[in-house]
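Please take these sequences and the hints and turn them into a complete structure.
Chains as they are written, first to last, in this note's numbering: chain A, 180 to 572; chain B, 180 to 572.
Treat the hints as calculated values from the structure; they're not laboratory data.
Fair warning: there could be bad hints in the mix.
Because identical chains cannot be distinguished in the list, a pair is counted as satisfied if it fits within a single copy or across any two copies.
[Said to hold, decoys possible] Straight line, CA to CA, 20 Å or less: simulated DMTMM-like cross-link-like pairs of lysine to aspartate or glutamate:
| id | residue 1 | residue 2 |
| --- | --- | --- |
| 1 | K489 | D255 |
| 2 | K290 | D270 |
| 3 | K439 | E196 |
| 4 | K354 | D555 |
| 5 | K224 | E525 |
| 6 | K423 | E232 |
| 7 | K258 | D496 |
| 8 | K489 | E502 |
| 9 | K489 | D303 |
| 10 | K436 | D270 |
| 11 | K423 | D496 |
| 12 | K423 | E340 |
| 13 | K439 | E376 |
| 14 | K354 | E366 |
| 15 | K485 | E502 |
| 16 | K187 | D410 |
| 17 | K439 | E189 |
| 18 | K439 | E402 |
| 19 | K485 | E341 |
There are 2 protein chains.
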Amino acid sequence: MNQLFPIKFEIQATDGEARAGVLTTRHGVIETPVFMPVGTAGTVKGLRFEALESEDLDAKIILGNTYHLWLRPGIDVIKSAGGLHRFTSWDRAFLTDSGGFQVWSLGALRKISEEGTEFRSHVDGSLRFLSPEVSMEVQAALGSDIVMVFDECAPGEASHEETERSMNLTARWAKRSRIAFDQLQTERADTGRRESEGLSGAQALFGIVQGAGHRDLRRVSLEQTVDIGFDGYAIGGLSVGEEKSVMFDVIEEIVPKMPKHAPRYLMGVGTPEDLIEAVARGVDMFDCVLPTRNGRTGQAFTSRGKLNIKNAQWTNDSRPLDESCRCSVCRRHSRAYLRHLYTAGEMLASILLTHHNLAFFLDTMRGVRQSIRSGDFPTFRREFTGRLGANGE
Amino acid sequence: MNQLFPIKFEIQATDGEARAGVLTTRHGVIETPVFMPVGTAGTVKGLRFEALESEDLDAKIILGNTYHLWLRPGIDVIKSAGGLHRFTSWDRAFLTDSGGFQVWSLGALRKISEEGTEFRSHVDGSLRFLSPEVSMEVQAALGSDIVMVFDECAPGEASHEETERSMNLTARWAKRSRIAFDQLQTERADTGRRESEGLSGAQALFGIVQGAGHRDLRRVSLEQTVDIGFDGYAIGGLSVGEEKSVMFDVIEEIVPKMPKHAPRYLMGVGTPEDLIEAVARGVDMFDCVLPTRNGRTGQAFTSRGKLNIKNAQWTNDSRPLDESCRCSVCRRHSRAYLRHLYTAGEMLASILLTHHNLAFFLDTMRGVRQSIRSGDFPTFRREFTGRLGANGE
Chain A
180 MNQLFPIKFE IQATDGEARA GVLTTRHGVI ETPVFMPVGT AGTVKGLRFE ALESEDLDAK
240 IILGNTYHLW LRPGIDVIKS AGGLHRFTSW DRAFLTDSGG FQVWSLGALR KISEEGTEFR
300 SHVDGSLRFL SPEVSMEVQA ALGSDIVMVF DECAPGEASH EETERSMNLT ARWAKRSRIA
360 FDQLQTERAD TGRRESEGLS GAQALFGIVQ GAGHRDLRRV SLEQTVDIGF DGYAIGGLSV
420 GEEKSVMFDV IEEIVPKMPK HAPRYLMGVG TPEDLIEAVA RGVDMFDCVL PTRNGRTGQA
480 FTSRGKLNIK NAQWTNDSRP LDESCRCSVC RRHSRAYLRH LYTAGEMLAS ILLTHHNLAF
540 FLDTMRGVRQ SIRSGDFPTF RREFTGRLGA NGE
Chain B
180 MNQLFPIKFE IQATDGEARA GVLTTRHGVI ETPVFMPVGT AGTVKGLRFE ALESEDLDAK
240 IILGNTYHLW LRPGIDVIKS AGGLHRFTSW DRAFLTDSGG FQVWSLGALR KISEEGTEFR
300 SHVDGSLRFL SPEVSMEVQA ALGSDIVMVF DECAPGEASH EETERSMNLT ARWAKRSRIA
360 FDQLQTERAD TGRRESEGLS GAQALFGIVQ GAGHRDLRRV SLEQTVDIGF DGYAIGGLSV
420 GEEKSVMFDV IEEIVPKMPK HAPRYLMGVG TPEDLIEAVA RGVDMFDCVL PTRNGRTGQA
480 FTSRGKLNIK NAQWTNDSRP LDESCRCSVC RRHSRAYLRH LYTAGEMLAS ILLTHHNLAF
540 FLDTMRGVRQ SIRSGDFPTF RREFTGRLGA NGE
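Below, the structure is given as structure tokens:
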């Protein structure tokens with residue numbers, strides 16, 4: 180059998196349901212479970228790529244938003260640069276979402292039909308139309324290593340009927356995404372093509388399981404998605420306002436039924452404890468804006484829980500954000516200085532808090548992987564979770 | 180003679196009026212002519228200290244603003260941290276201004292008397308009072324390596340009479356600054372004390388020559404300042420709205436009369452061509468917000484002149500900001516990408532443009548120093564200035 184696949188995924192150790200593996204992409208090898216920093220518009224806000232590549236963070240894959248990049252700078256610009264990797268100078272892996280979630284988030288500003296979604300651009304107010312075919316075309320131009328199907332996300336509180344309708348639309352869109360994607364790969368429309376590590380050089384395509392909080396619909400959606408067949412499988416539509424127990428109910432229902440030998444990606448999740456709990460249930464990949472967005476609003480994630488740098492209690496505190504953290508921010512700067520920067524509205528506050536937060540998330544995932552490989556994941560999970568309450572915030 | 184001085188300054192080469200020297204401070208050795216990046220509130224906006232220390236920039240001294248740091252985070256916080264170096268983690272040299280210029284910039288919001296200046300804080304609206312004695316006390320708490328006397332700055336268009344009154348007030352304030360400073364050094368109120376390189380460990384104090392565009396008053400002010408006696412001499416009150424010819428008239432009148440063996444500091448100046456023209460007239464030190472402030476508003480300084488990254492002409496331009504620049508931004512990022520970041524309002528635009536601009540200013544000064552040492556400064560000056568027009572902006 181000499182068929183080449185766009186990615187290779189190998190599970191190398193398990194501890195209970197938790198899996199430690201290696202995902203090989205045309206832009207590098209990624210150890211899983213992995214957290215993907217969010218780089219919405221072709222930049223992880225506030226960080227230079229050198230920081231993402233540094234030993235502190237060493238992010239192997241970041242997420243780009245198709246919706247944002249499509250509207251600005253637009254596909255012509257990125258194509259002209261030779262794809263998103265070259266445009267941004269990031270030579271490691273990119274996963275791009277499909278734009279479905281962003282368009283869905285526009286709420287009243289969008290109109291959904293069988294064909295796709297019509298909406299007004301938040302950039303210039305122009306009327307735009309996004310569909311499975313357009314999303315695949317945009318993602319091929321971006322040349323991301325992992326492409327997501329164009330889906331519709333039902334609200335967390337959606338009724339069974341509403342969710343079912345939405346889920347079936349997602350299934351039809353997934354099929355159309357698959358067809359358009361395959362066609363684009365055949366046409367070599369993908370700007371990121373690069374044969375490496377015995378891969379096909381093509382992009383990988385992930386399907387998305389929807390169904391809101393309805394476990395029966397989630398099962399149907401999983402079947403529909405697996406029937407089409409993808410390189411990896413994501414769980415979408417969680418962490419969108421539902422109760423945390425609903426999220427874990429869905430994960431527990433669905434993850435054990437997902438294909439064992441493909442990567443499992445929980446979209447848009449979550450806090451450090453969410454990541455660890457989802458890993459314990461067999462999830463391999465995550466992305467979330469929390470470390471970056473909250474960094475910009477003054478919230479640090481630490482091994483002892485969250486810390487709000489705005490608090491007056493840090494005014495003269497010479498300790499680092501996290502005494503257990505060895506990142507360049509914690510090695511160098513005090514809470515007092517960071518609080519001053521934040522209070523003075525200095526950009527450096529966002530830069531340093533974002534850096535630390537990502538260091539914490541990525542280091543946590545390193546710990547998760549090591550503990551799965553050494554069979555100590557339950558201990559890691561218990562101790563990590565126990566420490567988190569320590570700050571009492 | 181075993182008296183130790185707070186700084187040592189040695190001129191090692193001259194080329195015409197231009198001087199290349201070494202300024203030794205308790206926080207490191209600084210080659211002159213030197214450009215000091217502005218770090219208003221204890222941060223050079225948008226840059227991590229690691230970047231300032233990196234080979235790209237290798238800034239040896241930065242400027243802190245007494246006014247800003249006094250109002251926020253306040254002196255108690257900085258004293259509690261052990262001074263500005265420790266508070267910020269910057270272990271190289273700091274020069275602090277006196278607050279006089281910032282208070283003067285408040286315009287109608289301040290009231291000047293013989294005793295000092297009363298004004299309302301821009302942070303919390305509280306009524307504050309700044310005087311030579313307060314400024315010296317604040318700068319001792321900051322522990323900067325070079326302290327500036329508290330002066331009054333006459334407007335560029337001030338009449339002879341008005342300028343003379345202001346200049347005489349500055350002279351009286353300089354005397355009071357000297358007395359208060361000496362007393363604080365005796366009391367070891369200075370948080371930055373550190374004996375090194377055969378220095379006294381104390382702060383250095385620079386006097387400031389005022390007199391607006393009136394050459395006769397500038398001469399008087401210089402005499403008044405030298406009579407008091409300082410470790411270095413600055414020219415203040417330029418680049419505040421006057422014609423550029425007025426600035427160079429004053430420089431040409433005053434610099435040759437300044438003490439030869441002390442550093443000469445031209446405050447708040449200027450563009451790259453201003454720096455080179457002032458070096459050619461014998462100036463050793465500069466500070467200016469241009470590379471940092473303009474970086475945040477999308478303007479790059481390059482060897483071929485200014486470049487406005489907002490311009491649509493860069494939309495698909497794969498070239499770096501400056502093809503002659505070897506900084507990490509120019510080695511990695513295209514104008515197209517930088518324009519996208521700026522247009523999308525991404526923080527990374529400010530970070531990267533500020534980094535490049537400072538790299539360009541600091542690299543220009545390296546070139547200046549080398550050319551003075553090799554006797555090629557006139558050639559350097561001519562070629563540098565010739566290239567600057569190339570972008571035609």
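Next item on the list: Could you figure out if K439 and E402 sit no more than 20 Å apart (CA to CA) within one copy, between two copies, both or neither?
Entry: within (14 Å within a copy, 85 Å between copies)
Note to self: Within, between, both or neither: how does the pair K423, D496 come out at a Cα-Cα threshold of 20 Å?
What the structure shows: Intra 34 Å, inter 47 Å, cutoff 20 Å: neither.
Check: What label fits K485 with E502 when the C-alpha limit is 20 Å: within, between, both, or neither?
Finding: within (13 Å within a copy, 45 Å between copies)
Item checked: Status of D555 relative to K354 across identical chains (alpha carbons, at most 20 Å) -> neither (41 Å within a copy, 70 Å between copies)
Note to self: Please sort K439 with E196 into within, between, both or neither, judging by C-alpha distance up to 20 Å.
What the structure shows: Only inside one copy: K439 and E196 sit 11 Å apart there, 76 Å across copies, limit 20 Å.
Note to self: Reference check for the pair K423 and E232, CA-CA at most 20 Å: within, between, both, or neither?
What the structure shows: Neither: 33 Å inside a chain and 45 Å across chains, both beyond 20 Å.
Next item on the list: If the cutoff is 20 Å on CA atoms, where do K485 and E341 land: within, between, both or neither? Let me know, please.
Entry: Neither: 37 Å inside a copy, 57 Å across copies.
Margin query: Within, between, both or neither: how does the pair K489, E502 come out at a Cα-Cα threshold of 20 Å?
Written below: within (18 Å within a copy, 42 Å between copies)
Notebook entry, point to check: Which holds for K423 with E340 at a C-alpha limit of 20 Å: within a copy, between copies, both or neither?
Noted result: neither (22 Å within a copy, 74 Å between copies)
Note to self: Please sort K258 with D496 into within, between, both or neither, judging by C-alpha distance up to 20 Å.
What the structure shows: between (49 Å within a copy, 12 Å between copies)
Item checked: Intra- versus inter-subunit Cα pairing at 20 Å for K436 with D270 -> For K436 and D270, neither the intra-copy (34 Å) nor the inter-copy (57 Å) Cα distance is at most 20 Å.
Next item on the list: Could you figure out if K187 and D410 sit no more than 20 Å apart (CA to CA) within one copy, between two copies, both or neither?
Entry: Close inside one copy (9 Å), not across copies (67 Å); limit 20 Å.
The structure fails to meet hints 2, 4, 6, 10, 11, 12, 13, 19 from the earlier list, while all remaining hints are met.
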